[in-house]
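Visitor: Take a look at the letters that make up each chain.
Number of protein chains: 2
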Amino acid sequence: MSMLYNVVLVIIVLALCYVLFSYKKIKGMKEGTQEMAEMALIIRRGANTFMKTEYKTIAIVVIAVALIFSLFVEKTSGLTLILGAIMSSSACIVGMKSATYANVRTSNKARESLSIGQTVKVALLGGSISGLSVQAFGMLGLLIILIGWGIDHSSRGSGFLLSLECNASTMRITTYSLGCSLVAMFNRVAGGNYTKAADISSDILAKLRHDLPEDDSRVPNVIADFIGDNVNDIAGNCSDLLESFVATTAAGILIASTVYAGGGFTDSAYSSAMMYPILLAGGGLLSCLIALIIVNIIKMGDDPSKELDKATYISAGLTLVLGLLSCYMLFSKVELSSSFVLGWASPWACAVLGIISGVAIGMITEYYTSTDFKPTQNLALMATEGEAFVITKGDAIGSRSCLYPVLLIALSLFVSGKLCGTYGIALASLGMLSFVGTTVSIDAFGPIADNAGGLAESCHLPHKVREITDKLDAVGNTTAAIGKGFAIGSAAFATVSLIVAYVGSYSVGEPVLNFASFVVVAGGILGGALVEYFSAVLTDNTIDSAKKMADDGDKLLSIPGVLEGSVKPDYDKMIKTATEEALRKMLFPSILALVIPVVGGLLFGVEFIGGLLVGATIVAIPRAIFMGNSGGAFDNAKKFIEQERLEGHSKGSAAHKAAVTGDTVGDTRKDVVGVALDIFIKSMSTVANTLGGVIRTFTIIK
Amino acid sequence: MSMLYNVVLVIIVLALCYVLFSYKKIKGMKEGTQEMAEMALIIRRGANTFMKTEYKTIAIVVIAVALIFSLFVEKTSGLTLILGAIMSSSACIVGMKSATYANVRTSNKARESLSIGQTVKVALLGGSISGLSVQAFGMLGLLIILIGWGIDHSSRGSGFLLSLECNASTMRITTYSLGCSLVAMFNRVAGGNYTKAADISSDILAKLRHDLPEDDSRVPNVIADFIGDNVNDIAGNCSDLLESFVATTAAGILIASTVYAGGGFTDSAYSSAMMYPILLAGGGLLSCLIALIIVNIIKMGDDPSKELDKATYISAGLTLVLGLLSCYMLFSKVELSSSFVLGWASPWACAVLGIISGVAIGMITEYYTSTDFKPTQNLALMATEGEAFVITKGDAIGSRSCLYPVLLIALSLFVSGKLCGTYGIALASLGMLSFVGTTVSIDAFGPIADNAGGLAESCHLPHKVREITDKLDAVGNTTAAIGKGFAIGSAAFATVSLIVAYVGSYSVGEPVLNFASFVVVAGGILGGALVEYFSAVLTDNTIDSAKKMADDGDKLLSIPGVLEGSVKPDYDKMIKTATEEALRKMLFPSILALVIPVVGGLLFGVEFIGGLLVGATIVAIPRAIFMGNSGGAFDNAKKFIEQERLEGHSKGSAAHKAAVTGDTVGDTRKDVVGVALDIFIKSMSTVANTLGGVIRTFTIIK
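Protein chains in written order, with the numbering used here: chain A, 1 to 702; chain B, 1 to 702.
Keep in mind the hints are simulated off the structure, nothing from the lab.
Do not take every clue at face value.
For identical chains, the list gives no copy identity; a pair is met inside one copy or between any two copies.
With a Cα cut of at most 35 Å, we get these calculated DSBU-like pairs of lysine-lysine [unchecked claim]:
(1) Lys418 to Lys56
(2) Lys25 to Lys374
(3) Lys374 to Lys548
(4) Lys548 to Lys639
(5) Lys547 to Lys639
(6) Lys548 to Lys207
(7) Lys576 to Lys374
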């Protein structure tokens, strides 16, 4: 079996080689005019400064938590936690660095070639560096642990100082996942604050206070906004999906152990069940690599979304084939229990369900947020009745859009459970994430195209160039919305798997979390309210920072010559403010997810935390979809009016003003709160998984 | 024991006598000027027409559902279902009729006496008719069933046509509760649509389109708005809290049965446990009656909220004493299990927890929504930054305000579970609702005062009179917000009890609802999304109706002479539109709550529905609090600016405009969606409780 690990390792190495190759290729491209190069340098430097400052804080927290684990829980688990943080950070840093090179080269390619197809290729090549890094680094760390220590059911571990009853090999896997989780949490919270405080404040300055066009480089906040796109939409997204991917793979392995412990697997079926998640993910990585190379080689047409879809379909299709082959290889010759309804093909069928759900959720998201469909068009129409109507209608669209994605998730859970028992749930989750490399690549295309458009605007490139970048930007908006849907869907699956693994970790016999028990119900409703509270903290932080940045920006704009365009505004000062605000407001909400399960668990016990996790998940899923989709619909309803597609109303009309209000409300929803909710529930579940044993031992109120 | 039933029956009869006496007393008061009498007549007639038309539809649905129950489930349960609908309707009709008499008499008392204290007395006397009716009618029906049929553990029932395994006496209690639930659902959904479509459309006409003052009688929608206050805030609220009260009492009895069946009670403890909910509620009713008589007799000062608080404290205090006495009487001489941690006083201690939670939740609600505290003041300040900021801040306040009420509920559940096991949860819920008579009385004070103020405004009464009614109106706003908090809190408790009773109804042995099982999890996340979907449907319906009513109102205003005030607008036509819109849009969302548990259960089984109920409850609790509190804060932030308490900004300023936008967004949230969410979860849980047996027998996918 362990030979198979090496096969996957080879795939990872191949993927990382391609990442390196692409990175060099991007870096070797021309940057364009001197103004473009200068602007790009400011963005790159700003992003790097932010990451450096942020990672100092993250490093302290990670090392502190790692020490606690090694001293008090299990010796090696501090190491694996740090490994997780390193892997996640590597993917983020590689992704963000390449994106800040790719943005200006994308605008320049548009300028030089005037070809949509060639421009898309540059942006997608930049994006694929992020995508492949996420999947490759995520798997690399996990394989290091599996090859280095293996999985041993009977290995008892203890900390250097304290001896707690826990399984060392389980601890290593869950703390690895926790390391990824910590980085993701900080990235999301800080990134969201950075990008939206910058975005909202530049809107206030440009539109409300000084009547300047969007993305005007005289407003210093605009640069912070460009940087923010990279910080949140690249680094935040990479670490978020890396964590989902790792957590799901880990949950697959843990659940297989629980099922085995409960007598659900024979010995041979068990080792196959442990291996399948790794092979499925490895096959997925290979598929993404092939798909991304193909779309990089072939000639591209003028419809960017078609080209992006090609990458998705090739990856998903290949993953299906490789998943089937490895499933046959692993399960066809071992003795299976009757719970595998479709025999050896059952695990694969579950993965297929996950893949289909992932793609379908993307399509539903597109329906609710794209200007081509009724909901967003109706929202634009409502704008003619004023602000209150557009907000109320947007709320309704967001709430309505939850039903079908959740129905899909629920059905997939139900059917995969029927096909394969609890193990099936883990596989459906993993199926959805198995080609995450391509998903993230396409997702990262968005901010690169967005930055490219912004650079074209603020460096006053010719109208024809901006037409191309605008087209890419519009596609990027849709892929961003789809990516959000996907992130939430996968987080839902991942969290359910994690909760099941958690309950399995402390249950004796069949895992039971009884919601007819008052302890669990109390935890459940509290978990739901915590999600609302977390949302409120993030929202308040963002508007506070936005207000501060708008006031600071106003001061910078009032320096003589800046508004006239003869003096460059002090970008560095604004970037410093944005960084400081984001970091100052990062700690409290990020630590919440760490502290709640520990404190709640020590006070009221493991079952209370089980309830709390379920409650938080059940509330966070629809809330995150609401935030993402209402925000997306607001954004595009505004665009719909700007594109003069609403008869009798155009830019500057009362309806447009109302739509802009909607868009600003949506900004915080979709890019701060919505995207942070999924990492909030994943982090809490991961923490619970690492500490189930400790909590059980030290519960105060029994 | 059954002698005790008669004691409670006497209390009920006394309460109903006082209701009759007060009704006659109100009706005997003077109406004031001819204009006032005319206006009041239009409101009264409009409200009556609406109720008549609405009840025709309700009657059809109730009779159809009753027939299904009698034919296919249990013979007598159709009858008890109709009994529930009749009791609930009686309370609503009595309450609404008295409110539509009391409104004009309140303005007239202000006009004649120019005394705040005397005016408050009239409004509160009107309100107490609603309050006492709710508790008295709710208990009357239940006692009829208990005295008529008793409770028999072994009574097997069957329908006329089909023989299903079910307990007849349980069926009678749950269908009684379902009858109340159906009426409440329709009242809430239709009432919310009626009142808010009227309110929003009259705002659009007065403020946006014609620049007229609020409550100007030239705008025909204003009258519909006055009627709406009675329809939603009186009838809707009465039926909602009656249903919470009945459902909780019923759940207490059912849970006692389940605990007994599981061996948790000795025979003697069991009969005490069955009796205590009835005695506690009876004691509560007596306390409310005494408190309301006292505040009606004593001389009232000039601070209305103090006078209202007196009623609350007397009722709560007396209930505590009577609850303790009856607890001693029932439990001190029977053999108790060790799960009663505080011995015979354990049930009482749980009830106390509920009472404290109820009062505390009211105080928290006041903190987040009153102009006297930071949150609403900050919201008003945010209005200076424009619409987008005020909405975003309001969202944050709403989300943040969920934490403490839910923490209180969770703690009460936890502690009462520790004190008395599952039975304790039911008692905490009942404690909170035991003095519902006074709570509803104070709640009903709000719309009466609101109507009185509106009448004073539109009949151009002297400034001094309007000062008094304004003061009452302001207090009414706060009591309304507190009432909403209370309604949600009690619904949370009631639903948890109902879910536990439901799980107990189909479980063999200890009730278990396992959230580590994929079927239950699938149900759970779907339940959460259904709450969002239901909210979206209500929101869309309201803004659609508001748009239609604004356009219709515009047509009526354009008739020559109307705007000049020389010709009365065609009120009847507008009232007809409002009624039709509300009824047309009532059916779909109301039926949802009936159909979902049945269809979902028949497809996926009892456990799936268990999960669904939990999911819906966990999402609905914070959502309802969010809707109520963000709406309340928006409303009062606007008032804060209108009261010139925000320096440099007053009525008509840009900040005020932004605050008005917030208020309009909040209208739908607090008076349509928020208040309907609690009845949505209660109804689904009640339906599930009645049909657990059927679902278990006929599940399709097993």
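Visitor: For each hint, tell me whether it holds in the structure or not.
Guide: Hint by hint, here is what the structure shows:
no.	hint	in the structure
1	Lys418 to Lys56	neither (47 Å within a copy, 45 Å between copies)
2	Lys25 to Lys374	neither (42 Å within a copy, 56 Å between copies)
3	Lys374 to Lys548	between (37 Å within a copy, 20 Å between copies)
4	Lys548 to Lys639	both (27 Å within a copy, 27 Å between copies)
5	Lys547 to Lys639	both (25 Å within a copy, 24 Å between copies)
6	Lys548 to Lys207	both (17 Å within a copy, 33 Å between copies)
7	Lys576 to Lys374	between (42 Å within a copy, 31 Å between copies)
Violation of the numbered hints given earlier is confined to hints 1, 2; the remaining hints are satisfied by the structure.
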